[in-house]
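Protein chains in written order, with the numbering used here: chain A, 44 to 478; chain B, 44 to 478.
The hints are simulated quantities; they were obtained by calculation from the structure and are not laboratory data. Note that this is a predicted model, so its numbers are computed, not measured. One or more hints might be untrue.
If several chains are the same, the list does not tell them apart, and a pair holds so long as it fits within one copy or across any two.
Unchecked claim - Once the Cα atoms are required to be at most 16 Å apart in a straight line, the calculated EDC-like pairs of lysine to aspartate or glutamate come out as: (1) K271 / E246; (2) K74 / E411; (3) K271 / D366; (4) K455 / E469; (5) K112 / D123; (6) K475 / D445; (7) K242 / D123; (8) K239 / E78.
2 protein chains.
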Amino acid sequence: MKKFIVLPPSGTRDFLPQDVKNREWAFGVVKGVFESFGFLPMDTPAFERIETLAGKYGEEEKLIFKILKRGKQSASGETDMALRYDLTVPLARFFARYRNQLPYSFRRYQIGPVWRADRPGKGRFREFYQCDVDVIGSSSLLADAEVILALTKSLSCLGFSGYTVRINSRKALNGILESYGVPSEQMKATLVAFDKIDKIGVEGVVNELSGAGVPEVVIGRIRSNLSKRSEDLRGQISTTATGREGLEEVDEVVSLVKPLLKDGEIEFSPFLVRGLDYYTGPIFEIYLKGAVGAIASGGRYDGLIGMFTGEQIPACGGSLGIDRLLSTIDQIGKQSKREERLSCVFITVWDRALRAETLCIADELRSEGISAEISLNDGKIGDQVRSALKRGARYCLFYGPDEKTRKEVTLKDLSAGKQMSVKRDEIARMLKSFI
Amino acid sequence: MKKFIVLPPSGTRDFLPQDVKNREWAFGVVKGVFESFGFLPMDTPAFERIETLAGKYGEEEKLIFKILKRGKQSASGETDMALRYDLTVPLARFFARYRNQLPYSFRRYQIGPVWRADRPGKGRFREFYQCDVDVIGSSSLLADAEVILALTKSLSCLGFSGYTVRINSRKALNGILESYGVPSEQMKATLVAFDKIDKIGVEGVVNELSGAGVPEVVIGRIRSNLSKRSEDLRGQISTTATGREGLEEVDEVVSLVKPLLKDGEIEFSPFLVRGLDYYTGPIFEIYLKGAVGAIASGGRYDGLIGMFTGEQIPACGGSLGIDRLLSTIDQIGKQSKREERLSCVFITVWDRALRAETLCIADELRSEGISAEISLNDGKIGDQVRSALKRGARYCLFYGPDEKTRKEVTLKDLSAGKQMSVKRDEIARMLKSFI
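For reference, chain A alone in the conformation it holds in the complex:
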């Protein structure tokens, strides 16, 4: 018999029952926090037209999973659709379509998978869940603050502490590039290099700039700044009007968020870039102590919605990468494990003749919200009890000819080892009093 590969595709994961329970628990917590901020849920399809996604992600566009045309056109090798790369661009399309039916400003949350053909690595997947909050239609920096707070509060409620919000502004970045005299055709490459500073260090950035053809004199100015403390760069950034505007943005968001965070939980980070093309204002990343890479990130993107509505509409948002959280912390597992076995009754089957009646007993319990699993093995009762124990059931129920005559069932508490007779029409009530 030919066997197929049983691993999931590279960079994707299967989820065992306990994994799903943990994930659902985390989603529930995050959802609760987002809803407490007044964010409303919405959803879009897993794939979008190629045109919808094209030109929004800069460098990263090559990581989009594309879908082949169907039917006769499949032979052409052409694509017309692609899996969503984030939840933000689809949101922009969504908002443009439904704006008349939505509150304005529109605060939404969305929890769902996105797909990126990134090189798989520790904590980096090709299919992963994002938990997003966005505010469309407000240019108030209060909106940016709310987005950051919804994410940090989610982290706290999930049981994490010791995070740092790094904040910057695209305007501050543009200002500093201008102040260095970076030629406009090399601005993008310079930002890409800045973005890697944590990974490749000062010399790495300098090499990248050199490779991109940034003039030596400009590189000299940048090099001396790369290792400076954030606060010491304020002067440099403030030499341009755009830079000053960026600094004001950063300071305002910090002033709003700070009273709700602990000391050191938010810091200005002047070389923070964020890869995506669509950001225009404040941008941020949230780092968790001991975890690799950012656990959440986002920013303001005042130009994106307009690409779909034809009219400038301000927006900002952020995204929590729940997979990294789940894969690092097993405390969550402990928390939800307790609930899993709750109220599981394993119902043995005496013989073929009693199967239909035994199913009716199962149905009664299920209708009362008790999880009842019926034995599919109608062999020896001893084997069936072993299955019940293996399955982690709390109670085992027996219904044989004797019980039938007495209109009873026998109920065994598997942990205590005790058993008792229970009237046929009292089982659900009795079990509920135990559980």
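For chain A, the structure is supplied; the task is to place chain B on it using the hints.
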């Protein structure tokens, strides 16, 4: 400004906040029922290797969405992966990988989207959710009965009545084909034609058979049977050993399920086929009064798991198409609408200077589980109150310089029109007593 198309791709849908709430409500109900049967959750990625899906769906394989290779290979037009077409084939792969970590038999449920490049139509989508239950590792027909009961119970709990389970067996079908003397090379085409009988009628089926090259004398035998009552075909099916085995299977499942259903809710349907290639034993479809097409379906597939494990393992399962349910019934909407506005407090912002403090008030309420939306518009208070009303908030909270001096806030009940002063540190307690 160039504008992009704002519609989602053909056959897919966006979900407005209320749509998501309805869907979540339905998923919650179904999940509760599935768990009450002892089914455990699991999950697999949205896409699989092409080889995993190939050769499993017969005729329907052309409807699989394929994903283009990435990077340099993208130009080749070749594909290596495809979006899952159902939740069953990925389950088979999953089971083969994790069988040592799973209970045996393994009862699982899974709720998630699948993708089919079908021609979009009323109630037929290219992205839709399936709610699946399966039992792997049991050849007992009790498992088939449990699958059907889990689905019918889900329908009842969702508020639907008036459904019919149509049941047949692949063995009964093979038996009847044999009894007609259908040549083996035309058996598949004959089944495909049978499957369409509800759509194209007796003459339609006869034409298809003719087109497929089924001998006239065989077509004659079939034609006279196509309009017969199910019970009158038992004799014909029983002329072969396979047919008799099939009938016994059907009768046994019916005898197990019937005590829990109303009269007429399950019926033998000898020309029911189910398109997918992998079915081997009992198969069924569930129809809802007034709805087009089957709302749920499934069957036994004793050969599929073995393709991945290399060892024959019996299995059966079924799938509920929740989208059709949701799109036909708005009763669900009413039910969840009530909950949505619950406990929404709209917090006005007096001026820029008070924003940070007002955010702290919002945080206090949110921490107590109260949904608090802060106004992003720090213009006239009257405008802010109008936003609150539009948003459907129950309460509006004011915090200005007077309130600050008195360490109070003003709370307005928007439906009653009443307002009151509340001590700063009593707001959450007070609101909770109202809600």
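Evaluate K74 and E411 at a C-alpha cut-off of 16 Å and name the case that applies: within, between, both or neither.
-> For K74 and E411, the Cα distance is within 16 Å only across copies (15 Å; inside one copy 28 Å).
Under a CA distance limit of 16 Å, which applies to K242 and D123: within one copy, between copies, both, or neither?
-> Neither, since 35 Å and 32 Å both go past 16 Å.
Taking 16 Å as the upper bound on the Cα-Cα distance, should K455 and E469 be classified as within, between, both, or neither?
-> Answer is within; shortest intra-copy Cα gap is 15 Å, inter-copy 50 Å.
Can you give me the call for K475 and D445, within, between, both or neither, at a CA distance of at most 16 Å?
-> Answer is neither: 24 Å inside a copy and 53 Å across each miss the 16 Å cutoff.
Up to 16 Å between alpha-carbons, please classify K271 paired with D366: within, between, both or neither.
-> neither (33 Å within a copy, 56 Å between copies)
Within a copy, between copies, both or neither: where do K112 and D123 come within 16 Å Cα-Cα?
-> Answer is both; intra-copy 6 Å and inter-copy 14 Å each pass.
Give the relationship of K239 and E78 under a CA distance limit of 16 Å: within one copy only, between copies only, both, or neither.
-> neither (35 Å within a copy, 47 Å between copies)
If the cutoff is 16 Å on CA atoms, where do K271 and E246 land: within, between, both or neither? Let me know, please.
-> Within one copy only: 14 Å inside a chain, 84 Å across chains, cut-off 16 Å.
Of the numbered hints listed earlier, those contradicted by the structure are 3, 6, 7 and 8.
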